[in-house]
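One letter stands for each residue in the lines below.
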Amino acid sequence: MSDSTSLSDLSADVVIVGSGVVGGMIADQMVQAGRSVIVLEAGMRRPRGEFVEKWRDMSFFNRRHSDFQGLYPQSPKAPAPLYFPPNNYVGLSGPDGSAYQQGYLRIVGGTTWHWAASCWRHLPEDFQMKSLFGVGRDWPISYDDLEPYYQRAEEEMGVSGPHDPHLQSPDRRSKPYPRDMIPFGYGDRRVSEILNPHGFNVVPIPQGRSIQPYGDRPGCCGNNNCQPICPIGAMYNGIQHIERAEARGARIIAEAVVYSADTDENNNITAVHWYDSQHNSHRVTGKAFVFACNGIETPRLLLLAANSRNPNGLANSSDQVGRNMMDHSGIHATFLASEPLWFGRGPAQSSCIVGARNGDFRARYSANKMILNNISRVAPATEQALALGLSGQALDDEIRRRAACGVDLSISLEPLPDPANRLTISKTRKDPMGLGCPDIHYDVGDYVRNGTQAAVDQIHQISALLGGQELEINTKFNANNHIMGGAIMGKDPKDSVTNGECRAHDHANLWLPGGATMPSASVVNTTLSMAALGLRAADSIKRFFA
Amino acid sequence: MKCAHLLASALAFPLLLSVAQASTTQDAQNAHQDTQSPVLKAQTPDKPPGTIPEHKPAPVSGRDNGPVSAKTPVPGPTQSPDQQPTAIAPHTPAPVAEMHGEDALIARGHYLAIAADCAACHTNPYGGKAYAGGYGIASPLGTIYSTNITPSKSDGIGTYTLKQFTAALRDGIRGDGAHLYPAMPYTSYTHLSDVDVRALYEYFMHGVQPVNHKPPVTHLPFPFGIRASMAFWNLLYLDHSPLKAPANASDEVRRGQYLTIALAHCDTCHTPRGQLMAEKSSRPFAGASLASWYAPNITNGPAGIADWSDNDLFQYLKTGDVPGRSQAAGPMAEAVEHSFQYLSDTDLHDIVSYVRTLEALPDQGQTLARDSFGKPSDREAALRGLPMQDHGEWIYQSECAACHRPDGKGSPDHYYPQLFHNSVTGANTPTNLIAAILLGVDRTVDGKRVYMPGFGPGSFVQTLSDHDVADVANYVLRQFGNTSASVTPADVALVRSGGPKPLIARLGPFIAPAMGVGGVAVVLIAALLLLRRRKRSI
Numbered sequence: 001m002s003d004s005t006s007l008s009d010l011s012a013d014v015v016i017v018g019s020g021v022v023g024g025m026i027a028d029q030m031v032q033a034g035r036s037v038i039v040l041e042a043g044m045r046r047p048r049g050e051f052v053e054k055w056r057d058m059s060f061f062n063r064r065h066s067d068f069q070g071l072y073p074q075s076p077k078a079p080a081p082l083y084f085p086p087n088n089y090v091g092l093s094g095p096d097g098s099a100y101q102q103g104y105l106r107i108v109g110g111t112t113w114h115w116a117a118s119c120w121r122h123l124p125e126d127f128q129m130k131s132l133f134g135v136g137r138d139w140p141i142s143y144d145d146l147e148p149y150y151q152r153a154e155e156e157m158g159v160s161g162p163h164d165p166h167l168q169s170p171d172r173r174s175k176p177y178p179r180d181m182i183p184f185g186y187g188d189r190r191v192s193e194i195l196n197p198h199g200f201n202v203v204p205i206p207q208g209r210s211i212q213p214y215g216d217r218p219g220c221c222g223n224n225n226c227q228p229i230c231p232i233g234a235m236y237n238g239i240q241h242i243e244r245a246e247a248r249g250a251r252i253i254a255e256a257v258v259y260s261a262d263t264d265e266n267n268n269i270t271a272v273h274w275y276d277s278q279h280n281s282h283r284v285t286g287k288a289f290v291f292a293c294n295g296i297e298t299p300r301l302l303l304l305a306a307n308s309r310n311p312n313g314l315a316n317s318s319d320q321v322g323r324n325m326m327d328h329s330g331i332h333a334t335f336l337a338s339e340p341l342w343f344g345r346g347p348a349q350s351s352c353i354v355g356a357r358n359g360d361f362r363a364r365y366s367a368n369k370m371i372l373n374n375i376s377r378v379a380p381a382t383e384q385a386l387a388l389g390l391s392g393q394a395l396d397d398e399i400r401r402r403a404a405c406g407v408d409l410s411i412s413l414e415p416l417p418d419p420a421n422r423l424t425i426s427k428t429r430k431d432p433m434g435l436g437c438p439d440i441h442y443d444v445g446d447y448v449r450n451g452t453q454a455a456v457d458q459i460h461q462i463s464a465l466l467g468g469q470e471l472e473i474n475t476k477f478n479a480n481n482h483i484m485g486g487a488i489m490g491k492d493p494k495d496s497v498t499n500g501e502c503r504a505h506d507h508a509n510l511w512l513p514g515g516a517t518m519p520s521a522s523v524v525n526t527t528l529s530m531a532a533l534g535l536r537a538a539d540s541i542k543r544f545f546a
Numbered sequence: 001m002k003c004a005h006l007l008a009s010a011l012a013f014p015l016l017l018s019v020a021q022a023s024t025t026q027d028a029q030n031a032h033q034d035t036q037s038p039v040l041k042a043q044t045p046d047k048p049p050g051t052i053p054e055h056k057p058a059p060v061s062g063r064d065n066g067p068v069s070a071k072t073p074v075p076g077p078t079q080s081p082d083q084q085p086t087a088i089a090p091h092t093p094a095p096v097a098e099m100h101g102e103d104a105l106i107a108r109g110h111y112l113a114i115a116a117d118c119a120a121c122h123t124n125p126y127g128g129k130a131y132a133g134g135y136g137i138a139s140p141l142g143t144i145y146s147t148n149i150t151p152s153k154s155d156g157i158g159t160y161t162l163k164q165f166t167a168a169l170r171d172g173i174r175g176d177g178a179h180l181y182p183a184m185p186y187t188s189y190t191h192l193s194d195v196d197v198r199a200l201y202e203y204f205m206h207g208v209q210p211v212n213h214k215p216p217v218t219h220l221p222f223p224f225g226i227r228a229s230m231a232f233w234n235l236l237y238l239d240h241s242p243l244k245a246p247a248n249a250s251d252e253v254r255r256g257q258y259l260t261i262a263l264a265h266c267d268t269c270h271t272p273r274g275q276l277m278a279e280k281s282s283r284p285f286a287g288a289s290l291a292s293w294y295a296p297n298i299t300n301g302p303a304g305i306a307d308w309s310d311n312d313l314f315q316y317l318k319t320g321d322v323p324g325r326s327q328a329a330g331p332m333a334e335a336v337e338h339s340f341q342y343l344s345d346t347d348l349h350d351i352v353s354y355v356r357t358l359e360a361l362p363d364q365g366q367t368l369a370r371d372s373f374g375k376p377s378d379r380e381a382a383l384r385g386l387p388m389q390d391h392g393e394w395i396y397q398s399e400c401a402a403c404h405r406p407d408g409k410g411s412p413d414h415y416y417p418q419l420f421h422n423s424v425t426g427a428n429t430p431t432n433l434i435a436a437i438l439l440g441v442d443r444t445v446d447g448k449r450v451y452m453p454g455f456g457p458g459s460f461v462q463t464l465s466d467h468d469v470a471d472v473a474n475y476v477l478r479q480f481g482n483t484s485a486s487v488t489p490a491d492v493a494l495v496r497s498g499g500p501k502p503l504i505a506r507l508g509p510f511i512a513p514a515m516g517v518g519g520v521a522v523v524l525i526a527a528l529l530l531l532r533r534r535k536r537s538i
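If you read the sequences in order, they're chains X and W. Residues in the first sequence are numbered from 1 upward in steps of one, following the UniProt record's numbering. Residues in the second sequence are numbered from 1 upward in steps of one, following the UniProt record's numbering.
It is worth saying that the hints were derived from the structure and are not from the lab. Just so you know, not all the hints are guaranteed correct.
[Unchecked claim] Straight-line Cα separation of at most 30 Å, BS3-like style, residue types lysine-lysine; simulated pairs: (1) X:Lys175 / W:Lys129; (2) W:Lys163 / W:Lys129; (3) X:Lys175 / W:Lys280; (4) W:Lys244 / W:Lys214; (5) X:Lys542 / X:Lys175; (6) W:Lys448 / W:Lys501; (7) X:Lys54 / X:Lys287; (8) W:Lys375 / W:Lys318; (9) X:Lys494 / X:Lys476; (10) W:Lys153 / X:Lys54; (11) W:Lys153 / W:Lys163; (12) X:Lys54 / W:Lys280.
Take these sequences, add in the hints, and give me the full structure.
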């Protein structure tokens, strides 16, 4: 912060906490609507090139094991969870605590710096889990309520998705995708040919990415390291909306850790308090407040900001803040196909098997989707070939064979919202600002465990169809960074935190858009839904001012 | 930014108002020289063209893509339009061979409008309708807006007679009698043949959709807004005399000259300008500053295109890309995108034939060909994992190498060009290197867009500071290019601000006070120059 002298007594129409895709998009919406906007971000602001170089300089071990966090510099006072080695910022417990090792960033621009740009919509059925399948919760809004915002979010992010309805999931759309799908690579085509007759339904992943230039955004240059960093901005990153909003007049303040809020007699938020990097406290007053800090940090902040009027935390009269924590707890499978499929060229993600995304079985067990990862197989192929004791030409040939034939499936499952899966503030562990760290208890539940068995059966079938050898299925659940549920939306203020506009039941001028509000997880990546909810919240905020 | 020459030209006229102060012997000398046609010099027996013009067989009549111009590029009636072999832009619907009379003339006018690149200025690239004007060119003196040249009777040129249309093209006089600013390149179009002017007229009257839209009116601040001052400028610099072909010029060269000067007006960018912003006849096509960019020397010496083959030149005009030599960016990318790519192969070959006759003109400090510098880098493997000492190299690796690769070789398909043996990195004037980094490259040819994002404000990759750009440019020059060139942050700031300001812009604030003193002298000098010019044209 170069202008620390001007940080006291700030004020804006709209104060946004969090500078990720949701905060950035809302900031951009509100400055366009003529509102003054301040965005407070706990993390630092660094240039893209720094991440690129840190990734290239990383050790083989960290790269091989997908250390997507380590290349992003952390504010010393506002850590993100790190795992190489673990910094234990998030305390995990419960039967599947290890499955909740989330890798979200605290940095200007947010975690979409290292996403893979998958831009899925929920299915219409996903909004009615209770009504249709008798499990989980219904959303207070329908797919059709959110559909226009899905469309707008796709346009904001420049999504490439299939124009062919047979390749869409879902195919209920008011308008075509802004751009047609990124064409299938050879492997995607070949796997489709082999699997689709058996009902697996391979579709292109809708992606916030261009392979051709799109406006001022360059086309993909094929470095194949979308995760952890697109070197040229061909992939959408939240920083793009932050910079757009900034150019239109929004003020972005980095290394600003919000820790409490003031409320008035009507329980409206009147100000938030934040620490700068030197631990000096500042206050920002505003008319409307948005907490879009990520699925863990938003409920954490609501709980940290408890005050006399809200003794259990802001927005928490229902006692639902921090509960219902979800993620697409996933499993992995790899095998060598009997023919070269050449995965690993172009963007890191390309196609996905969605045949088990929906069906009556959802009354009994979790749906799934299986991503055909398009990340280069050279690193694992090399490890495997070396382990065989090969050298010289034989080693080269084996690496080539394994890299060409390797298939890597990333399987996402759908947990149900369970109030017992809960984020609380640690009584013992504090962050460098002295604020309590988050603790999370997590159990994927029988719904996911039963769904896993179904997925494993499907993986065996897929591997057999592709002539698979060396099939390895890792059923130890892994985190997918799709954090949901901690500020769940609902019709009834007694059992939910926000309404269908992500507006807190308890505070008329507080919005909590993002994954935390989502009442059902589906099996698809959450970012597009989060962005759509953010745009819907922005419209709600505009009406608030009208 | 497009057609930056417009900007330069538009700045030229009011200088006359203060010529008493600004004018020197040099100005008079420039003006004097400008009365000579550039090619006249090449015609002088003791100064033959630097390269022998390529002689090709005479065109065979009835070929698909005939030449655009009359065989005799002298204004005046030539063949009947009906018999004229006419080349057609690819998107013109019907083959002209099947057309007769008016249709053929309109189709020919369409092609000529593309060759003259009228749309570059008169079609607003930001969602404007074809030829409806309104494209605002930011100039240091204020925004200059292109006019609506659709046949709209209310807002365009729908009421123009052929005579009025001709006056606009040849004399810079618009329909209501007011002077155009030389943003409109009428000093080039004045050489158009009668039949081509008529074809353009028929096209704009009958081949263009009328658009009833009034573009913003150009209001330059006093004293720049006085259009009448253009009369003086025209006396000095508007040369109606026919183009003088090089000695023993073949038909190809003559047609090429007509295409190059009368239509494509290549000289308006590539020929440097004197203090009064008229082209320097002593240095035709020797390279000139063009707002943020630099239009390089395209004469036949080492500073120019001596080492290019005819086919290289043809390919460059057709595609904007000759791997290992140069890629078109900035205004040249626009010229290729909007104009050259649609010209017939024959016409492009004719342009090349003419360009081959341009006398070699040296460029200070550029004794080796611009595309002969540098080699690939092998530093990356040794550097990886260590702290990089050179900030410029760090920026190169972090922001550039993802596409141009750590070794600078670019991609095998040349979509990402190599940086060594590249005229942008081998130039002693690194302007285009800075401009490419700041503004990027954007060129759509044959439906395929070649795009490099810029690193200026709002960059999708990363916004770089003047220091950053200077550092990375110096690394690129040192590693891949001309080691005698270097870049300072001030150089970057200059390119960022739109390039060197013409004298007039710098004098702007002082012009009005000077007018009282200078007015009489202006008239006298203008009259004197006029007399000298007339003498020579006798």
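Hints and how they fare:
1. X:Lys175 / W:Lys129: Given that 30 Å is the threshold and the Cα spacing comes to 26 Å, the pair holds.
2. W:Lys163 / W:Lys129: holds (26 Å)
3. X:Lys175 / W:Lys280: violated (56 Å)
4. W:Lys244 / W:Lys214: Not OK: lysine 244 of chain W and lysine 214 of chain W at ~40 Å, beyond 30 Å, violated.
5. X:Lys542 / X:Lys175: Answer holds: lysine 542 of chain X to lysine 175 of chain X is near 24 Å, not above 30 Å.
6. W:Lys448 / W:Lys501: Violated, at roughly 34 Å.
7. X:Lys54 / X:Lys287: violated (40 Å)
8. W:Lys375 / W:Lys318: Holds: lysine 375 of chain W and lysine 318 of chain W sit about 27 Å apart, inside 30 Å.
9. X:Lys494 / X:Lys476: violated (36 Å)
10. W:Lys153 / X:Lys54: Cα-Cα ~62 Å, so violated.
11. W:Lys153 / W:Lys163: Given pair lysine 153 of chain W, lysine 163 of chain W holds - Cα atoms ~16 Å apart, limit 30 Å.
12. X:Lys54 / W:Lys280: It is violated: about 52 Å lies between the C-alpha atoms, which goes past 30 Å.
This entry does not satisfy hints 3, 4, 6, 7, 9, 10 and 12, going by the numbered hints stated previously.
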